[in-house]
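Okay, so the sequence shown: first residue is 3 according to our numbering, each after it adds one.
No lab work stands behind these hints, which were simulated from the structure alone.
Yeah, the Cβ is synthetic: ideal placement off N, Cα and C, and Gly gets one too.
Keep in mind that the hints are not guaranteed to be accurate.
Here are the computed distance ranges between Cβ atoms for each label pair [stated by the list, open to error]:
(1) F49 <-> D91: 35 to 41 Å
(2) T67 <-> L92: 19 to 25 Å
(3) R48 <-> D85: 28 to 34 Å
(4) R113 <-> E16: 37 to 43 Å
(5) D42 <-> I114: 32 to 38 Å
(6) I114 <-> C7: 30 to 36 Å
(7) D66 <-> A101: 17 to 23 Å
(8) E109 <-> H47: 30 to 36 Å
(9) R108 <-> F49: 24 to 30 Å
(10) F49 <-> P75: 16 to 22 Å
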Amino acid sequence: MQQRCSLCRALVHEPKLLLDEPFAALDAFTREELWLVLRDLWTRHRFTVVLVTHDLREATFLADTVYVMSKRPGKILARRVIDLPRPHDLEVTYGDRFAAIVLELREHIGRIRKA
């Protein structure tokens, strides 16, 4: 409920840009429920959202574009346009195309961690 309240407070004034550390502290089911809430709000109001996340599924589900960044100092090392049809339903997260995108992002991060 606290995350829902935080999201409502952030959106009540209909901002054009929203920066947010998303849903990391939530259980998986609540997190996915809030993905859908954010998806529905974005569909209605078309605001810009910049999310910082370590959850590749979350990034792939919510984003139009995902940027993979280096360790400090943070530099963009990879850019991936998410070319899945919108709006997404949770079922897309179980598909081969979704899994391939998550794996591709994971490979970028793996290379960073080895460096």
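Structure-based check of each hint:
no.	hint	verdict
1	F49 <-> D91: 35 to 41 Å	21 Å, violated
2	T67 <-> L92: 19 to 25 Å	21 Å, holds
3	R48 <-> D85: 28 to 34 Å	19 Å, violated
4	R113 <-> E16: 37 to 43 Å	40 Å, holds
5	D42 <-> I114: 32 to 38 Å	33 Å, holds
6	I114 <-> C7: 30 to 36 Å	35 Å, holds
7	D66 <-> A101: 17 to 23 Å	19 Å, holds
8	E109 <-> H47: 30 to 36 Å	34 Å, holds
9	R108 <-> F49: 24 to 30 Å	28 Å, holds
10	F49 <-> P75: 16 to 22 Å	29 Å, violated
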